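Peer 1: Residue numbers (my numbering), protein chains in the order written: chain W, 1 to 527; chain L, 1 to 531.
To be clear, the hints were calculated from the coordinates, so they are not data collected in a lab. For clarity, every value in this text was computed on a predicted model and none was experimentally measured. A couple of the hints might just be wrong.
Claimed, not checked - Here are the simulated DSS-like pairs of lysine-lysine, each with C-alpha atoms no more than 25 Å apart in a straight line:
hint, chain 1, residue 1, chain 2, residue 2
1, L, Lys-445, L, Lys-493
2, W, Lys-116, L, Lys-159
3, L, Lys-129, W, Lys-318
4, L, Lys-416, W, Lys-116
5, W, Lys-527, W, Lys-25
6, W, Lys-163, L, Lys-159
7, W, Lys-116, L, Lys-327
8, L, Lys-376, W, Lys-373
9, L, Lys-425, W, Lys-163
To be verified - Facing chain L, from chain W, some residues (calculated, C-beta under 10 Å):
hint, residue
10, Leu-167
11, Gly-211
12, Lys-318
13, Asp-370
What the hints assert, rightly or not - Computed list of chain L residues with no C-beta within reach of chain W, every gap over 12 Å:
hint, residue
14, Ala-29
15, Asp-76
16, Val-103
17, Phe-158
18, Asp-318
19, Lys-324
20, Gly-341
21, Gly-378
22, Glu-462
23, Glu-474
24, Arg-529
Cβ coordinates follow ideal geometry from the N, Cα and C atoms, glycine included.
Now for the letters of each chain:
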Amino acid sequence: MPEARDVIIIGAGHNGLITAFYLAKAGFKPLVLERRPVVGGCAITEEFHPGFRGSRLAHNTGPIRSDIVADMELSRHGLKAYTPTVRVLSLAPGGNLLLYGDQVRSQQEIARLSTKDAEQYGEFQQALTRIADVASLLMNIAPPDIDEPGANNLWELLNTGRKIRGLGERDLYRVLRWAPMAVADLAAEWFETELVRGTIAAQGIFGTFLGPWSAGSGAVLLLRAASDSNLAGAASYVVGGTGALTAAMAAAAQAAGAEIRTACEVSRIAVNNDAATGVVMANGEEIRGRAIISNADPRRTLLGLVEAQHLQPSFLQKLQHYRGNGTVAKVNLALSGLPAFNGIEGDVTARLSGKIQVSPEIDYLERAFDASKYGEFSQRPYLEVTIPTLWDNSLAPAGKHVMSIYMQYAPYRLRNADWNARREALGNTVVDTLAEYAPNLPSLIEAREVITPQDLEETYGLTGGHIFHGELALDQLFTMRPLLDCAQYRTPVRNLYLCGSGTHPGTGLNGMSGANAAREILKALRK
Amino acid sequence: MATSSHQYDAIVIGGGHNGLVNAAYLARAGKKVLVLERRHVLGGAACTEEIIPGFKFSVCSYVVSLLRPEIIRDLDLPRHGLEILPLDGTFTPMPSGDYLWRVNDHGKTIRELRRHSRVDAEAYEEFGKAMLQMCRFVKPILAMVPPDPTTLNPKDLFKLLFLGRRFQDLSREDRYNQVQLMTMSAIDFLDQWFETDVLKATMSASGIIGTFLGVRSPGTAYVLLHHYMGEIDGAFRAWGFARGGTGAISNAIADAARELGVEIKPKTAVAQILVRDGRAVGVATASGEEYRAPIVCSSVDPNLTFLKMLEPQHLSDDFRGEVKRYKYRGSSGKLNLALDGLPNFTCLPGEGHHLRGAISISPSVDYMERAYDDAKYGDYSRRPYIDIVIPSLTDPSVAPPGKHVMSCFVQYAPYKLKNGTWDEKREAFGDNVIDTIAEYAPNLKNIIVGRQVVTPLDLEREWGLTEGNIFQGELSLEQLFFLRPVPGWARYKTPVKNLWMCGSATHPGGGIMGAPGRLAALEILKHARAS
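So here's chain W without its partners, still in its complex pose:
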């Protein structure tokens, strides 16, 4: 007899662990199966060079929604979050810009460039905060089913709708205008300084196949603002790297009654009479379950783990067209010392503690994007950098540093080249770009790790190397994430559910997809 469990969760990424926790708390006994030897998915801390550890992939959290942190008692399970006072140090050849968590301080910094922009920043920030408060409500509900909106759905929607109306006409029209807009236009409506525009616009393009001039990048900015409404974006770190976050989540899930098995690869989801009945492991072993929940991306789940005969051809076709080719690469550097950035004096540690961004102007970002349209990586990329060792001495030998860099755009599909052949070229481009602002950087590098979109797919299981499990485009959000037909965490296969970033609301390490999925799945399980 095969082993039988009530709930099986495929993948121990942060969303899978959150779903496991809530189901366990509700009295189920979820079994979480993780292919890799460690839990965490993309939120992992690993040694990438002897003595140097770091957030190998994701280094910044959304942050995780506060009620999830409270429910899971993550602090008790060892989570130490760190939020620097400086959110962004935005580098530019003509002088840098610092933005703080505190609006007034940010305004003071912007005033050095333009008093008009400083004033506008306040107004924009306040409008965004009001809108984000309401947007975050939308993040917390399951998108309504268009075919048969249930009473529950309608009630939730009505309730949210009432609150949305409460925004008032002016802000409401703002949401309607901003979402489909190009973030470059949005930034230009508020600011006259290129550096301010570029710094803010970067929030609307991160992780996507959109440039600042692409329509719909406004929606990405709003989506991220729903987790943290600061115009400079979130700078929410974890002491010990993001792996410490998922370790705390795993501990919380286990304490609630979930079982987690690592190095257990699911090779197939067993389906009988259009219903999922269990999973088949890579070693041939089968585990049966009442409900199968996949934290893997929608394409990997439904095109990879479910056999094609169980799905309608039209559904398969739509899923094949689900856009999810990544644009982000990751570079981890082991440094023998702290690089000296041009123009950074005084309290260097504080100034370098937040995100260090290379997004000096809109055209710079757009040109970076242009390359990816033609299948090349950006010669002067958008970079988001953090040096965690400034506030976390557990990651590197004393006096040495770790630098963690998101690089965009690195298209999943290169034209006329293979990523393995271009890996080092990408690493050089990143270092060269940063060296323009920190000339001594190259001399400090002891080791360098380059993770390409192809690695993200092959090693970490992200189809197309997309860090958000699928493009954040207007036609792939809310009731359409991942598809119009299955945006309620359900799939066309009965008892098979999705809980990863490929479901509403997706985007970054905020845990909302996992928490929403748990709520919807519980409703179904209790029926």
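Dock chain L against the given chain W, drawing on the hints supplied.
Peer 2: Same frame as chain W, but now just chain L:
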């Protein structure tokens, strides 16, 4: 002082096709209407002019398909001289020496597509059916005054509900397509259907016309649909010429309007909209004359209407701010050529039927996208997208015997150039277009007897289109439906009482459609009856 002869029931600013349609509908309801047009010819951007003796150019707008059938019917336009001649197909020459030639004859097109890809030939039929469904869904929206999504007015809620219901009634597949069309890029949308690059490039072109977007920019799929919606004699996606050029359409509408009693004064520029006690009461012309009416309807764009013709104190700063934010960003130019022969395309030599349709210079998706890239950074495209028609083949009346008129719509030509001015670059821009076409039809340079280059700056100066946008404002998602032109003011009304808008800057937007003019007239009349 205004004399009694200057008193009307309604004054329409601008004698473009929308202004004329608006005037005609108001007159039809018994109003005494005056139309004031700044230029010496009527029609706005839908005009025919003899720039070179014997050659009649449709100077700006050059083909028609979107003109609403109900307007043709209501105003009996055929009796007033409107005759639409079919434009047969689209011919795309390719650098490889091959070509793609789609025609109205379905069987022929499928055979041609099969030459490029069997899969695409099959998908093409499905695609046509799906688009037809989408057009049917969107069509009522074109004839609808946009609801206000922020109020709790039952009428508006009902409209939103109606839209919701219609959406729910669509089949699963159609709903899916609809959502995608509203949000995707033309290329992402077409990628799902087709594999042939040149086919996707040519089809995607209608998704960028008049916008400052590339074929890969989200939102362009909607513009694709907007252009698909053309309807001539009940057939969707049918494009044609007006006999005598597009000016003939405006003339037919003007003729119908005059018959209904409308007075039309060309060469009369409105300088100011007169406001008393918060109400529009008339207009003052550049020459100092005043005309009075309890209804003033502007068919010119919001920039001219609100920022140039109205004194600032009549509008709130917020509203003026919204008007300033409304985006124009013209992105296209025109090259009109007088020819003493026909272009000879290397890939399909001779004077065949392929010259009677549209000739599209859109050889690949990357070509289209690179054309956009140039414009993003403030330059006109080194190798632009060009939509060419030779109306004299179908309508010999527009050129001397044996000679021809060739109209080239060129994109991208950004209004704001990074280096130099359009006055300096005009001829170089024209040369660049000719060089581009000559790569496919080398004889072109030898048959040109005259040319007219129309830049975005010319469109602004001569036709009053701010920043040279041919649709009086970009057709981007945040400027459509209840957001066009300004959030909260999408229903032809303005914050100044008795002042209305009826141009392409209002829902449903640009093209020779006439819908804004008609819908505005219906709103004005409803309002007049209610008060």
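Peer 1: For each hint, tell me whether it holds in the structure or not.
Peer 2: Each hint tested on the structure:
1. L/Lys-445 - L/Lys-493: Outside the cut-off at roughly 50 Å; violated.
2. W/Lys-116 - L/Lys-159: violated (41 Å)
3. L/Lys-129 - W/Lys-318: At roughly 18 Å apart (the allowed maximum being 25 Å), W/Lys-318 and L/Lys-129 satisfy the hint.
4. L/Lys-416 - W/Lys-116: holds (24 Å)
5. W/Lys-527 - W/Lys-25: holds (18 Å)
6. W/Lys-163 - L/Lys-159: holds (21 Å)
7. W/Lys-116 - L/Lys-327: holds (22 Å)
8. L/Lys-376 - W/Lys-373: holds (14 Å)
9. L/Lys-425 - W/Lys-163: At roughly 53 Å apart (the allowed maximum being 25 Å), W/Lys-163 and L/Lys-425 break the hint.
10. Leu-167: Check passed: Cβ of W/Leu-167 comes within 9 Å of chain L, closer than 10 Å.
11. Gly-211: Holds: closest Cβ of chain L sits about 9 Å from W/Gly-211, inside 10 Å.
12. Lys-318: Hint holds; W/Lys-318 Cβ to chain L Cβ min 7 Å, cut 10 Å.
13. Asp-370: holds (6 Å)
14. Ala-29: holds (32 Å)
15. Asp-76: holds (40 Å)
16. Val-103: Per Cβ check, L/Val-103 is outside 12 Å of chain W; nearest 29 Å; holds.
17. Phe-158: holds (16 Å)
18. Asp-318: violated (8 Å)
19. Lys-324: Incorrect as stated: the minimum Cβ-Cβ distance to chain W is 9 Å, not above 12 Å.
20. Gly-341: For L/Gly-341, whose nearest Cβ neighbour in chain W is about 38 Å away, the distance exceeds 12 Å, so it holds.
21. Gly-378: The claim breaks: L/Gly-378 does not keep its Cβ more than 12 Å from every Cβ of chain W (closest is about 9 Å).
22. Glu-462: The claim stands: L/Glu-462 keeps its Cβ more than 12 Å from every Cβ of chain W (closest is about 28 Å).
23. Glu-474: violated (10 Å)
24. Arg-529: holds (27 Å)
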